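Q: Residue-level listing of the chains:
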Amino acid sequence: MLNRLFTDPLRLGLAQALAAAIVAFAVVLVARGQKIHLERDTAIALVRGLVQIIAVGSVLVLLLHSSRWLGAPALAAMIVAAGITSARRAKGVPGSLRVSTTAIACGAGTVIAVMTRLGVIDRAITTLIPVGSMLIANAMNTNGLALNRFRADVLAHVGEIETALALGAGSRESVGPYVQESFEASLIPAIDSLRSLGIVWIPGLMAGMLLSGSRPIYAAIYQFVVLAMIFAASGLTSLVSTLLIRDQAFTDAEQLRLSSTA
Amino acid sequence: MTILRIEHLGRSAGDVTLVDDISVDVQAGEVLAVVGPSGAGKSSFLRLLNRLDEPTAGTVWLDGVDYRQIPPRELRRKVGMVTQRAFLFPGTVYDNVGYGPRQRGDAISEARAEELLARVGLSGYAGRNVANLSGGEAQRVSLARALANVPLVLLLDEPTSALDAEAKAQVEGLMGDIIRDAGLTCVVVTHDFAQASRLATRVMMLQRGRAMRIGPAEMLHA
Numbered sequence: 001m002l003n004r005l006f007t008d009p010l011r012l013g014l015a016q017a018l019a020a021a022i023v024a025f026a027v028v029l030v031a032r033g034q035k036i037h038l039e040r041d042t043a044i045a046l047v048r049g050l051v052q053i054i055a056v057g058s059v060l061v062l063l064l065h066s067s068r069w070l071g072a073p074a075l076a077a078m079i080v081a082a083g084i085t086s087a088r089r090a091k092g093v094p095g096s097l098r099v100s101t102t103a104i105a106c107g108a109g110t111v112i113a114v115m116t117r118l119g120v121i122d123r124a125i126t127t128l129i130p131v132g133s134m135l136i137a138n139a140m141n142t143n144g145l146a147l148n149r150f151r152a153d154v155l156a157h158v159g160e161i162e163t164a165l166a167l168g169a170g171s172r173e174s175v176g177p178y179v180q181e182s183f184e185a186s187l188i189p190a191i192d193s194l195r196s197l198g199i200v201w202i203p204g205l206m207a208g209m210l211l212s213g214s215r216p217i218y219a220a221i222y223q224f225v226v227l228a229m230i231f232a233a234s235g236l237t238s239l240v241s242t243l244l245i246r247d248q249a250f251t252d253a254e255q256l257r258l259s260s261t262a
Numbered sequence: 001m002t003i004l005r006i007e008h009l010g011r012s013a014g015d016v017t018l019v020d021d022i023s024v025d026v027q028a029g030e031v032l033a034v035v036g037p038s039g040a041g042k043s044s045f046l047r048l049l050n051r052l053d054e055p056t057a058g059t060v061w062l063d064g065v066d067y068r069q070i071p072p073r074e075l076r077r078k079v080g081m082v083t084q085r086a087f088l089f090p091g092t093v094y095d096n097v098g099y100g101p102r103q104r105g106d107a108i109s110e111a112r113a114e115e116l117l118a119r120v121g122l123s124g125y126a127g128r129n130v131a132n133l134s135g136g137e138a139q140r141v142s143l144a145r146a147l148a149n150v151p152l153v154l155l156l157d158e159p160t161s162a163l164d165a166e167a168k169a170q171v172e173g174l175m176g177d178i179i180r181d182a183g184l185t186c187v188v189v190t191h192d193f194a195q196a197s198r199l200a201t202r203v204m205m206l207q208r209g210r211a212m213r214i215g216p217a218e219m220l221h222a
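Here the protein sequences come in this chain order: A and B. Per the working numbering, the very first residue in the first sequence carries number 1; after that it's consecutive. Per the working numbering, the very first residue in the second sequence carries number 1; after that it's consecutive.
Just to be clear, a hint being listed does not mean it is correct.
[As the list claims (entries may be wrong)] Taking beta-carbon pairs under 8 Å as the criterion, some of the chain B residues facing chain A (in silico):
hint : residue
1    : E54
2    : R73
3    : E218
[To be verified] A few chain B residues that don't get close to chain A, going by computed Cβ distances all over 12 Å:
hint : residue
4    : T17
5    : D21
6    : K78
7    : V82
8    : Q84
9    : G124
10   : G135
11   : R145
12   : L163
13   : Q170
14   : L184
Hints are computed from structural coordinates only; laboratory data are not their basis. Please read all numbers here as calculations on a predicted model, not as lab measurements. Every residue gets a Cβ at the ideal spot worked out from N, C-alpha and C, and that includes glycine.
Generate the whole structure from the sequences, applying the supplied hints.
A: Now the structure itself:
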């Protein structure tokens, strides 16, 4: 219907974005009926997401015609932005920005570097940036989930943790079970994506490759490659993140310093 | 012999003073009860004694050593604590009783665990899952767990206030016997004056974080 009303691709895109935003907001209004208030956060996230992706699209147009050496700084900037975004999921956790940025840099950065070196990710900026951004974005989500879960678990088990400390346990031992649970919980989306690949979910990258004329089998295999890389980047990010945040939650004298306020 | 010298101890959080310039000596084998109304700073004071919280003023000398010089894990083994709720770890009673010694790499023997459990009236409970214990039993396991570290000083933070009347009487009687038999040095926080006078040799009354009076337990009857 919309493609009959709009022939200009830009206007059609904006109309499609508006339609999708209306559907997303309708869900928010249904949630409001259950006294779940997400209106403000959702409105800001939708507008911000649209502006950001248009800006990124414009930057990509420039990057695609620029030197391949711009790839690394562009990915580094994405990692910093991802660190800032996911650190917000750990309000009250001291040093969450440093932990998030380090974890995403270690997780996504290592996988991108190794896979580029092995030739799994093409060095061409047209591949490096989109595939790299997928790994960074997923690492960011995993990091946010891990930190959020860790914070919630620790705050819900202050009594148990301080009992362990009072019995002479070290800070790391006292939060050991919550580190493990945060790590496992944060990887559920990545594991489910791999499990449901091709059955529930045919990802955009594969569709894009098919549309651009790649052989279907190669497109399918490469999609698996991307998801496996996402899993590796997410897993490494979550591991680094939970191990680093474990120490941030305590003072040097092994006193719990996590608070429920920002 | 002074085992615990508390010297101008204080703690503030932001603008709020939780513990205000408390000085008191606790002798070996003495039981000091800390009493006062809700919000008087009793638990805040107790948490400073095993350094679960950091003092913002003053310090504590444990057996002649400034406790900031003692590694926190070692300090907390020497200054044991039993809290209002037992907070048992998932597993068996034996797992819980052996928790402290395991933290320093020592496995507790079954005989030693049984001896500790017998002291708290729970002979034969070692293999039981903690999920199946009553509130009073759980609190007695937490007492045995704290004793397994052989502490120099035992801190008791409202140890019976979460229990029903029957369990409260049992646990209090048991604690009194253990403290007297072993000659344990204790600091007991309680809002219950009658309990304080039954357990303690000396009493410190707190109000708004300050020690208003320190004297023999008999002063509670005055």
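Q: Out of the numbered hints, which ones does the structure contradict?
A: Result: hints 3, 6, 7, 8, 11 break, sorted rising.
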